[in-house]
Amino acid sequence: MAKIVVLGAGIAGHTAASELRRQLSKKHKVVVVSPNRNYQWVPSNIWVGIGKMKPKDIIFPLEPLYKRKGIEYVQAKAVSFHPEGDDTTQPYVNVEYVFGERKGEQEKVTYDYLINATGPKLAFDMTEGLKPGTNNAYSVCTYDHAQHASEALHDLIEKAKTSEKKLKIVIGTGHPKATCQGAAFEYILNVEQELRHYGVRDKIDLKWLSNEPALGDFGMDGMVLSYNGKPMKSSEMVEMIFRDRGIDWVLEAGVNKVEEGLVHYENLKGEYKTEPFDFAMLIPAFSGHGFKAFDVDGNDVTPKLFKGFMVVDADYTSKPYEEWTVQDWPETYQNPSYPNIFAPGIAFAPPHSISKPRKSPNGTEIFPSPPRTGMPSGITAKLVADNIIDSIKAGHISLQHKGSLGNMGAACIASAGYGLMKGSGVSITTFPIVPDYKKYGETGGRNVKKTFGDIGLAGHWVKLALHYAFIYKAKMKPFWWLIPE
Amino acid sequence: MTQIITKKQKRWMQNPFIQFFKFIYLNIKILIIVAGGHGGTRDKADS
Numbered sequence: 001m002a003k004i005v006v007l008g009a010g011i012a013g014h015t016a017a018s019e020l021r022r023q024l025s026k027k028h029k030v031v032v033v034s035p036n037r038n039y040q041w042v043p044s045n046i047w048v049g050i051g052k053m054k055p056k057d058i059i060f061p062l063e064p065l066y067k068r069k070g071i072e073y074v075q076a077k078a079v080s081f082h083p084e085g086d087d088t089t090q091p092y093v094n095v096e097y098v099f100g101e102r103k104g105e106q107e108k109v110t111y112d113y114l115i116n117a118t119g120p121k122l123a124f125d126m127t128e129g130l131k132p133g134t135n136n137a138y139s140v141c142t143y144d145h146a147q148h149a150s151e152a153l154h155d156l157i158e159k160a161k162t163s164e165k166k167l168k169i170v171i172g173t174g175h176p177k178a179t180c181q182g183a184a185f186e187y188i189l190n191v192e193q194e195l196r197h198y199g200v201r202d203k204i205d206l207k208w209l210s211n212e213p214a215l216g217d218f219g220m221d222g223m224v225l226s227y228n229g230k231p232m233k234s235s236e237m238v239e240m241i242f243r244d245r246g247i248d249w250v251l252e253a254g255v256n257k258v259e260e261g262l263v264h265y266e267n268l269k270g271e272y273k274t275e276p277f278d279f280a281m282l283i284p285a286f287s288g289h290g291f292k293a294f295d296v297d298g299n300d301v302t303p304k305l306f307k308g309f310m311v312v313d314a315d316y317t318s319k320p321y322e323e324w325t326v327q328d329w330p331e332t333y334q335n336p337s338y339p340n341i342f343a344p345g346i347a348f349a350p351p352h353s354i355s356k357p358r359k360s361p362n363g364t365e366i367f368p369s370p371p372r373t374g375m376p377s378g379i380t381a382k383l384v385a386d387n388i389i390d391s392i393k394a395g396h397i398s399l400q401h402k403g404s405l406g407n408m409g410a411a412c413i414a415s416a417g418y419g420l421m422k423g424s425g426v427s428i429t430t431f432p433i434v435p436d437y438k439k440y441g442e443t444g445g446r447n448v449k450k451t452f453g454d455i456g457l458a459g460h461w462v463k464l465a466l467h468y469a470f471i472y473k474a475k476m477k478p479f480w481w482l483i484p485e
Numbered sequence: 001m002t003q004i005i006t007k008k009q010k011r012w013m014q015n016p017f018i019q020f021f022k023f024i025y026l027n028i029k030i031l032i033i034v035a036g037g038h039g040g041t042r043d044k045a046d047s
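Same order as they appear, the protein sequences are chains A and B. 1 is the number of the first residue of the first sequence in this note's numbering; add one for each residue after it. 1 is the number of the first residue of the second sequence in this note's numbering; add one for each residue after it.
Note that these hints are calculated values from the structure, not bench results. Note that the coordinates shown come from a computational prediction; the quantities given were computed from them, not determined experimentally. We put the beta carbon where it would ideally sit given N, CA and C, even for glycine. Errors might be hidden in some of the hints.
As the list claims (entries may be wrong) - From the structure, some residues in chain B lie toward chain A, with a derived Cβ separation under 7 Å: (1) T6; (2) Q19; (3) K22; (4) F23; (5) L26; (6) I28; (7) H38.
Stated by the list, open to error - Heads up, simulated DSBU-like pairs for lysine-lysine below, C-alpha to C-alpha not over 30 Å straight-line: (8) B:K7 with A:K450; (9) A:K230 with A:K52; (10) A:K27 with A:K67; (11) B:K29 with A:K161; (12) A:K230 with B:K10; (13) A:K161 with B:K10; (14) A:K207 with B:K8; (15) B:K10 with A:K422; (16) B:K7 with A:K230; (17) B:K10 with A:K166; (18) A:K3 with B:K10; (19) A:K52 with B:K29.
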């Protein structure tokens, strides 16, 4: 009998746990440890953030599902890692209960295999004054943040109806190295449509404030894509959309402080500037959770497991940008020191950024960190689960399943407005996610046949269909496994 | 020069009949690209 412990129940953790349970017999134990009692389909937070969906539309409770499916669920947070165990136990993770009678109590959760799918910590504290719901700045990173943002947005819309003064909304990144520009991009387009819907668009200026070096970088160094059968840079595509929607932009902006109605930032020229606003949605920095790891003697072995995020089979050698290759990126997400530990999704430490690193004359690094969104999270989680299943069946570690972000495609279906007939979406596919400049040197590192963009109502329908399909899949309803990650 | 979205293109983008076929096309294309497989990169580099 093997015991597999999955830390986290987001897209990666839940995908891994579901696959393990489906493919392993009941004599093997699957345990999920997560402080969150609900599963949330994060990509639809955008629609909660404009009030078109309610939190209940994008979440469901995990415990009843796991009980039905034979997955053990522990509502707790990981505290420390003990990959060699101690005198009396096998490897374990120390967890602390966060709910119910055992709240605050710690327990050793032992394992044969460990999947760390704890995702990122939303590091609002890395930017002074950036805290959701304070200083008129909001977030859509979680469903409750998004709900709060929606209420504030609609208050602003009411204010705009009677205001003589023109108001201003700023949306973008809230830290010099923030990522997830795609979510902010979706939000600004949805907000723009919402303002038009309520007839106040002419009373509110909209500004995109981002750490990207160019529009459409998205932390992926931009891309050349096929649009209407012709090659087009993602920067040109986003500029075309922003001009069409009357959205202004500021790039290369490293936000360092937020005050009530005022965002402070430094740009790549080293200038310190400010931008006033009446409502802002700024994506925070993502960081590791600050976990500690100890060996059998109680010595600190944290560097063997963590480099902020978890160390996996990537090449972390420090080298100049010109020498970076796709081969640096991990293939199996296995920790090199402890082969029974894996970190799919956002939990693994990337070897480097995808966008070119840039520094201001003051020494501030201002560029997007690499994004790792839902689709690659699901794919990497499934391949980790498949390798563990093979290993259990073979009786030794098997790593047949591989999936480097340098040999994997992704689809970004960015909502550009909600509505069955009036909605819109920007559909972008990219292959590979990490550009392979050696293989696709003439097309910006991407296979142009598999990298395309499209704008229109169909994109909205696709995003809506994905919303329902992936919630169906996550609820493990009949034949859920037929829906690909 | 920046491209613009023309009125004709906008009508195309919001026409439910045309977009229905686009919806089918997009789903197939996304499925082919994303679910079409993934793998490692190191073996290929070595060979």
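Q. Against chain A, with CB atoms and a cut of 7 Å, does the hint on L26 (chain B) hold up?
A. 5 Å, holds
Q: Using Cβ atoms only, decide whether Q19 (chain B) comes closer than 7 Å to chain A, and label the hint accordingly.
A: Cβ of Q19 (chain B) sits 4 Å from chain A, so the hint holds.
Q: Using Cβ atoms only, decide whether H38 (chain B) comes closer than 7 Å to chain A, and label the hint accordingly.
A: Given a least distance of 4 Å, the restraint on H38 (chain B) holds.
Q) Given the proposed pairing of K52 (chain A) with K29 (chain B), does the C-alpha separation stay at or below 30 Å? A) 28 Å, holds
**Q.** Interface hint status, K22 (chain B) versus chain A (Cβ within 7 Å)
**A.** 4 Å, holds
Q) Are the Cα positions of K10 (chain B) and K422 (chain A) separated by 30 Å at most? A) 11 Å, holds
Q: With chain A as the partner, please determine if T6 (chain B) meets the hint condition of a C-beta pair closer than 7 Å.
A: The hint is violated - T6 (chain B) has no Cβ within 7 Å of chain A, the shortest such distance being about 10 Å.
Q | Pair hint outcome, K3 (chain A) versus K10 (chain B) [Cα-Cα no greater than 30 Å] | A | 55 Å, violated
(Q) Check the hint pairing K207 (chain A) with K8 (chain B) against an upper bound of 30 Å on the C-alpha distance. (A) 27 Å, holds
Q. Is K230 (chain A) within 30 Å of K10 (chain B), Cα to Cα?
A. 18 Å, holds
Q.
Next item in the hint list is F23 (chain B). Is there a CB on chain A closer than 7 Å to its CB?
A. Constraint on F23 (chain B) satisfied, holds at 4 Å.
Q | Given pair status - K67 (chain A), K27 (chain A), alpha carbons within 30 Å | A | At roughly 16 Å apart (the allowed maximum being 30 Å), K67 (chain A) and K27 (chain A) satisfy the hint.
Of the hints listed earlier, those the structure fails to meet are numbers 1, 6, 9, 11, 18, in rising order.
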